[in-house]
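J.: Convert by adding 163 to the 1-based position in the sequence shown; the result is the number in this note's numbering.
Hint data in this document are derived by calculation from the structure and do not stem from the laboratory.
Note that beta-carbon positions come from the ideal geometry of N, C-alpha and C, so glycine has one too.
A portion of the hints provided could be inaccurate.
Claimed, not checked - No farther apart than 27 Å at their CA atoms in a straight line, the calculated lysine-lysine pairs in the BS3-like style are these:
1) Lys708 / Lys636
2) Lys448 / Lys419
3) Lys820 / Lys553
Stated by the list, open to error - Here are the simulated distance ranges between beta carbons:
4) Ser371 / Glu403: 21 to 31 Å
5) Val634 / Pro277: 21 to 31 Å
6) Phe242 / Asp699: 47 to 57 Å
7) Gln218 / Thr781: 48 to 58 Å
8) Gly674 / Ala735: 49 to 59 Å
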Amino acid sequence: MDDIKVEYHPSSGRAASIKHVHHLERTTSLTQSLGLLFGQFFDEPWTAKDFWDIQSKLPEGAKPFCFILYADKTKLSSFGSTKGYPVVARCANLPVDIRNSRGVGGGRVVGWLPVVPEDEAHKGKTTFANFKNIVWHEAFLKILESIEPLSKTGYWHEDIIDHIQRHLFPIMLILSADYEEQCAMASTRGGKSKFPCPVCLVPKTKLSDHSQKYDIRTSVKSEATVRNANFQPTEAEKEEILKSQGLRPVNNVFWKLGYSDVHCALSWDRLHAHHTGLWGHHLWKELIFWIYQLGRPAAIQLDDQFKKMPRWRNLNHFDNVVSLEFADATKHEDISKMVLFCAHNIFDAGSNKLAYTLLRCIHHYLNVDMYTALEVHTTETIAAGRDALKIFSQTMDAIEGTREKDKDWNFPKKHTNIHVFDDIEAKGVTRNYNTKPNEQLHGPLKDSYQLRTNFKDVAEQILRADHWCYVSKYIRQNITAFDDSLRPDPTIQDVNDVDDITNASGPVNDGTGHVLLGSIRPSVTFQALEQLQKDDVAFNGFRIKLANFLNNFLPSINVPLPGGRHIKLSTADKITEYRFLKVNYESFVDWRQYTDYLRCSPKFYNHPRYDCVLLQTTNGAIFARLVFVFTCSIDNATYLLALVQPYDAPTGQRRCKDKDLQLWRLHSKLRSATEIVPVQSIIRGAALAQDYDNPGDFFVIDTIDTDWFLRIKKIWNGSLHS
164 MDDIKVEYHP SSGRAASIKH VHHLERTTSL TQSLGLLFGQ FFDEPWTAKD FWDIQSKLPE
224 GAKPFCFILY ADKTKLSSFG STKGYPVVAR CANLPVDIRN SRGVGGGRVV GWLPVVPEDE
284 AHKGKTTFAN FKNIVWHEAF LKILESIEPL SKTGYWHEDI IDHIQRHLFP IMLILSADYE
344 EQCAMASTRG GKSKFPCPVC LVPKTKLSDH SQKYDIRTSV KSEATVRNAN FQPTEAEKEE
404 ILKSQGLRPV NNVFWKLGYS DVHCALSWDR LHAHHTGLWG HHLWKELIFW IYQLGRPAAI
464 QLDDQFKKMP RWRNLNHFDN VVSLEFADAT KHEDISKMVL FCAHNIFDAG SNKLAYTLLR
524 CIHHYLNVDM YTALEVHTTE TIAAGRDALK IFSQTMDAIE GTREKDKDWN FPKKHTNIHV
584 FDDIEAKGVT RNYNTKPNEQ LHGPLKDSYQ LRTNFKDVAE QILRADHWCY VSKYIRQNIT
644 AFDDSLRPDP TIQDVNDVDD ITNASGPVND GTGHVLLGSI RPSVTFQALE QLQKDDVAFN
704 GFRIKLANFL NNFLPSINVP LPGGRHIKLS TADKITEYRF LKVNYESFVD WRQYTDYLRC
764 SPKFYNHPRY DCVLLQTTNG AIFARLVFVF TCSIDNATYL LALVQPYDAP TGQRRCKDKD
824 LQLWRLHSKL RSATEIVPVQ SIIRGAALAQ DYDNPGDFFV IDTIDTDWFL RIKKIWNGSL
884 HS
């Protein structure tokens with residue numbers, strides 16, 4: 164279906180003709196050279212290499228039935244004295260929105276591993292670490308023993324819908340875990356061994372070096388190494404062989420599965436590698452160190468500038484960050500997205516070169532993190548991501564060992580970035596194997612421990628409660644589906660789910676489904692509005708400005724002026740204000756429709772909130788701030804309009820800091836230079852951060868989501884590469 168888009172000229176307010184444009188926002192260039200250019204898309208596991216390699220090895224007509232397995236310890240009690248070790252399985256054949264949900268098609272606890280208590284007499288010894296790993300694999304074998312023979316022979320399953328017999332092979336495609344668990348799964352010796360990576364044979368001293376790749380581990384090679392070590396006559400010789408590969412003397416349970424390779428299945432984890440790892444434990448702590456070096460005023464300034472950041476849906480807002488003692492992965496991620504816009508004016512290259520280099524490093528980290536977060540990858544975005552990773556690694560080299568002699572940037576989680584884009588090509592995008600959806604399941608398990616157990620032998624009680632919850636979800640899903648089937652049109656949704664405004668009724672649709680207005684206010688006359696807004700220069704000459712706009716706008720969309728005469732609005736004419744907008748837009752990343760919730764309200768949770776937007780004009784896209792959203796009726800037709808303050812004034816020559824940190828600067832026009840635009844010209848909402856040292860200057864927060872990340876690169880660079 165074609166999209167309808169209205170364009171307007173920002174300097175005159177004249178609207179161009181409404182025209183049909185087919186997927187105007189789409190970034191792919193495939194349609195520009197159809198038949199000449201082919202680009203591969205990576206999203207679900209079955210769009211990537213490993214799934215199809217397995218498929219090609221199966222007997223003719225057989226199909227892979229792929230699993231994603233996750234395992235990690237969690238503290239069940241408040242003081243951590245009682246721990247649980249759930250194993251969660253997800254079906255990789257299901258779409259990610261179902262697979263990563265908390266519904267019936269989401270993750271299921273399929274096992275509970277024993278937690279070997281620490282023995283102070285043996286703690287830290289290699290033999291005790293080997294013992295714990297043996298227990299882990301023997302316990303995991305109990306979970307896999309039912310599918311282990313079927314993974315080699317397959318089994319026949321009759322579909323309950325079409326009654327067709329299918330030959331299915333249960334395949335362990337992906338292992339989702341943090342670094343510690345990955346080492347347990349691969350039977351490697353961890354971060355202190357000669358070869359700490361469970362995926363490749365990178366030496367311990369080269370973890371921070373991304374300039375070269377090392378041999379990839381395989382199950383065949385690992386099994387052969389362990390078998391060879393077992394034939395050695397002495398323990399010393401056995402240990403020497405195992406240490407040369409960083410392996411433990413363990414018969415890995417995953418070697419028993421057909422068409423699977425444990426080292427290949429281990430997958431890069433964005434949550435632990437980036438948000439709580441490279442960012443939370445390293446870059447963020449390093450930045451706070453330099454803040455404290457400048458003293459208390461710098462700490463107060465950083466907190467104050469975080470507090471002034473615009474609020475945005477699905478993004479945490481922080482009143483202070485410097486003294487924040489606890490932050491989960493989501494908060495760490497949100498802090499990283501905003502930190503450059505809050506810290507760029509605290510450091511400069513002249514007075515604090517090392518801290519300034521750290522800011523540049525954080526910018527390149529964010530580039531890599533945003534590329535790894537994309538919901539759909541193409542060959543182009545993967546190439547751009549690899550380039551970003553290369554630049555980030557080079558910048559990291561400049562800050563290694565700069566502040567503390569004992570500061571070591573040569574750690575495994577930094578190294579794992581070298582595998583991320585290989586994993587995307589092999590297993591699809593990172594949300595297929597991110598541990599975040601699995602760790603969210605720890606919450607219900609902890610609740611079951613507190614509410615449904617007697618705190619003794621808790622594993623069986625927790626698993627029973629988890630099963631009850633699953634059954635109740637299944638029953639609820641069926642009831643909801645039945646209720647939906649009785650509704651005349653289950654697709655109708657109320658756009659008035661506004662949480663801040665009373666008297667929210669009468670939603671208005673622009674006729675295309677692109678923009679919907681809510682939170683209606685009582686209609687007012689122009690005289691009353693001008694009196695109410697007499698102190699705001701944005702409303703100077705509002706009635707005349709609106710009449711001039713309509714006289715240009717209506718003919719441009721082939722609507723005749725009433726009576727063939729120019730429109731003149733009287734002070735008694737009325738308009739209706741709206742303070743809430745839903746703007747549907749097509750994502751640059753996966754071309755699906757998403758929705759921005761925008762506010763144009765003098766009192767949103769006791770604070771004024773006037774969001775910014777990206778507007779489509781005849782001269783291209785510009786940014787603007789919403790001032791007043793309203794409808795007016797002319798000749799029995801209602802028009803949805805907005806008074807906006809354009810942010811397209813000249814910014815002058817680009818500054819060195821803006822280039823170094825890739826900050827995209829805007830400058831607002833005067834408050835009195837407001838213009839009226841049709842709301843259909845809004846492409847989507849935009850989050851803009853103040854430049855606190857230059858009034859009227861703003862920066863585009865391109866890290867809000869993946870769409871903005873790619874959209875900004877296209878607007879300013881013309882390509883996905885920085």
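J.: Now tell me if each hint is right for this structure.
T.: Hints, verified against the model:
{"no.": "1", "hint": "Lys708 / Lys636", "in the structure": "56 Å, violated"}
{"no.": "2", "hint": "Lys448 / Lys419", "in the structure": "43 Å, violated"}
{"no.": "3", "hint": "Lys820 / Lys553", "in the structure": "21 Å, holds"}
{"no.": "4", "hint": "Ser371 / Glu403: 21 to 31 Å", "in the structure": "27 Å, holds"}
{"no.": "5", "hint": "Val634 / Pro277: 21 to 31 Å", "in the structure": "26 Å, holds"}
{"no.": "6", "hint": "Phe242 / Asp699: 47 to 57 Å", "in the structure": "56 Å, holds"}
{"no.": "7", "hint": "Gln218 / Thr781: 48 to 58 Å", "in the structure": "50 Å, holds"}
{"no.": "8", "hint": "Gly674 / Ala735: 49 to 59 Å", "in the structure": "28 Å, violated"}
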